[in-house]
Amino acid sequence: MKNSVKLVAIFGIAVLYMTINIAMIQKPGGPWDIPAKYKTMKSTIKAGDASINTTGKELYNKHCKSCHGAKGLGDGPKAANLKTSTGDFSAKKFQDQSDGEIYYQSFIGRDEMPNFEKKITDEADRWAVIYFMRTMKK
Amino acid sequence: MMKNYSFIRVIGAFALIVSMLSCYNGFAQEEEATEPVKERPARPAFESGLLFDAATTTIQSAKTLEMIIQHRFGTMDNGASDLFGIWAPSNIRLGMNFSILNNLMVGIGTTKYNKMQDIQIKYNILQQTRSNKIPVTVSVYEVIGIDGSADDKFGVNYKFTNRFNYHTQVIISRRFNDMFSLQLAPAFTHYNSIDSTLDHDRISISFAGRIKFSPQSSVIIGGDFPLQIQGISEHTKEYNDNATMMKPNICIGYEVSTSTHAFHLYLASAQGILPQENIMFNRNDFFDKGILIGLNITRLWSF
Numbered sequence: 768m769k770n771s772v773k774l775v776a777i778f779g780i781a782v783l784y785m786t787i788n789i790a791m792i793q794k795p796g797g798p799w800d801i802p803a804k805y806k807t808m809k810s811t812i813k814a815g816d817a818s819i820n821t822t823g824k825e826l827y828n829k830h831c832k833s834c835h836g837a838k839g840l841g842d843g844p845k846a847a848n849l850k851t852s853t854g855d856f857s858a859k860k861f862q863d864q865s866d867g868e869i870y871y872q873s874f875i876g877r878d879e880m881p882n883f884e885k886k887i888t889d890e891a892d893r894w895a896v897i898y899f900m901r902t903m904k905k
Numbered sequence: 006m007m008k009n010y011s012f013i014r015v016i017g018a019f020a021l022i023v024s025m026l027s028c029y030n031g032f033a034q035e036e037e038a039t040e041p042v043k044e045r046p047a048r049p050a051f052e053s054g055l056l057f058d059a060a061t062t063t064i065q066s067a068k069t070l071e072m073i074i075q076h077r078f079g080t081m082d083n084g085a086s087d088l089f090g091i092w093a094p095s096n097i098r099l100g101m102n103f104s105i106l107n108n109l110m111v112g113i114g115t116t117k118y119n120k121m122q123d124i125q126i127k128y129n130i131l132q133q134t135r136s137n138k139i140p141v142t143v144s145v146y147e148v149i150g151i152d153g154s155a156d157d158k159f160g161v162n163y164k165f166t167n168r169f170n171y172h173t174q175v176i177i178s179r180r181f182n183d184m185f186s187l188q189l190a191p192a193f194t195h196y197n198s199i200d201s202t203l204d205h206d207r208i209s210i211s212f213a214g215r216i217k218f219s220p221q222s223s224v225i226i227g228g229d230f231p232l233q234i235q236g237i238s239e240h241t242k243e244y245n246d247n248a249t250m251m252k253p254n255i256c257i258g259y260e261v262s263t264s265t266h267a268f269h270l271y272l273a274s275a276q277g278i279l280p281q282e283n284i285m286f287n288r289n290d291f292f293d294k295g296i297l298i299g300l301n302i303t304r305l306w307s308f
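Chains as they are written, first to last, in my numbering: chain G, 768 to 905; chain Y, 6 to 308.
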């Protein structure tokens, strides 16, 4: 009799655990509402600038990698704790966006995506990070 | 017991600032002949405003709050019996720094040893630029400590001002490249009240360096060297020659920096945390059983 109570309890806990997990599955963040001035924003550095693979890479690794992953796949160690999916920077959907749209999403942010304007203060350094993310295209 | 040397302190600090400004003018004149370049500030020489117990020229962006936890265990000379100092009495400081401007930071803190309370201010008078028109970042840094020990520590003629001590420093740093940064920092330290066997004033020179070996990890090294200068000593040369010299505080460790944190795990010799404590009182010899383990954690919040 005692064993069947234990079994029911274990089964109940398992169902509860699965229910909570399902409730916590990450959801896509939904469309971004990006102001027009950002959509048409132009980079202050040129594609192929030397800073992309030095400064851009270093700043990406310092500020972005823990959630977005080393290759931008959204598999960083902190990503699992987020309610919102971090997206995939290698995907066509991400790469088809304008530089300005990526700038707004990366440095202005919303909700769980923090603002990074005070962490990366130099304009050209921000563009180096964006162009580094462009190198993640499949 | 108490002796006021604030005049000498002010003169010393002023002379250092003037010499720094002179260097700046020299640099500026050399560049006048070249084409005008849109100046961009260089990226910070160090990841955090703190390296071991020393200040760096790095000041976080305006309206950023930095919480600091600094911890130093006891010396390792007792070996495994106190787990290499980890079970020995330790020193801890909790601090908060706030960047009012991009080049001005103020801070407060409290330290276990001597129940020391401190107020700090750091101002960057020069910022290294990427064009090298300004090749170095120069900060002035002041730490005012207030000793919270019992009144009788300060002798029979106790006054509240006896509790005050000052550390005035000019910090000159250069980020040579993404991997290597170095800083040099002459300083003047003054204690309003100190044991009669010691001097109230001391000049010191500190250095710190960073070698980054991965995007987030660095080897860090630092040293504070108290100088015995007879001209500012209250004791005779004969006395000083026979007195035990204070030892340099040498630190070497590992730094991990993330978007909001900096972690330091290191070996050091001095157990003080405020720079004036290490320059005035450190008797631990890094090369003779005077090593201890230290760690720092910083956390940033932007507003």
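Don't take every hint at face value.
[Claimed, not checked] Keeping only pairs whose Cα atoms sit at most 30 Å apart, straight-line, the calculated DSS-like set for lysine-lysine is: (1) G:Lys845 <-> G:Lys773; (2) Y:Lys120 <-> G:Lys886; (3) G:Lys829 <-> G:Lys860; (4) Y:Lys68 <-> G:Lys845; (5) G:Lys806 <-> Y:Lys164; (6) G:Lys829 <-> Y:Lys217; (7) G:Lys769 <-> G:Lys824; (8) G:Lys860 <-> G:Lys904; (9) G:Lys809 <-> Y:Lys158; (10) G:Lys813 <-> Y:Lys158.
The hints are simulated quantities; they were obtained by calculation from the structure and are not laboratory data.
Note that the structure is predicted; figures quoted are calculated from it, not measured.
Subject >> Pair hint lysine 769 of chain G and lysine 824 of chain G, alpha-carbon separation not exceeding 30 Å >> reply: This hinted pair is violated, its Cα atoms lying about 59 Å apart.
**OP:** With a cut-off of 30 Å on the C-alpha distance, tell me whether lysine 813 of chain G and lysine 158 of chain Y pass.
**Re:** violated, 65 Å
Original post:
Between lysine 829 of chain G and lysine 860 of chain G, is the straight-line Cα distance small enough, at 30 Å or below?
Top reply: holds, 25 Å
Original post:
Holds or violated: lysine 806 of chain G with lysine 164 of chain Y, Cα cutoff 30 Å?
Top reply: violated, 65 Å
Subject >> Holds or violated: lysine 829 of chain G to lysine 217 of chain Y, with C-alpha atoms at most 30 Å apart >> reply: Roughly 13 Å separates the two Cα atoms, so the pair holds.
**OP:** Verify the proposed pairing of lysine 845 of chain G with lysine 773 of chain G, using a straight-line Cα cut of 30 Å.
**Re:** Judged against 30 Å, a Cα distance of about 35 Å means the pair is violated.
**OP:** Verify the proposed pairing of lysine 860 of chain G with lysine 904 of chain G, using a straight-line Cα cut of 30 Å.
**Re:** Holds, at about 10 Å.
Original post:
Is it true that the CA of lysine 809 of chain G sits at most 30 Å from the CA of lysine 158 of chain Y?
Top reply: violated, 65 Å
Original post:
Is it true that the CA of lysine 68 of chain Y sits at most 30 Å from the CA of lysine 845 of chain G?
Top reply: Given that 30 Å is the threshold and the Cα spacing comes to 26 Å, the pair holds.
Original post:
Given the proposed pairing of lysine 120 of chain Y with lysine 886 of chain G, does the C-alpha separation stay at or below 30 Å?
Top reply: violated, 34 Å
Hints 1, 2, 5, 7, 9 and 10 from the earlier list are contradicted by this structure; the remaining hints agree with it.
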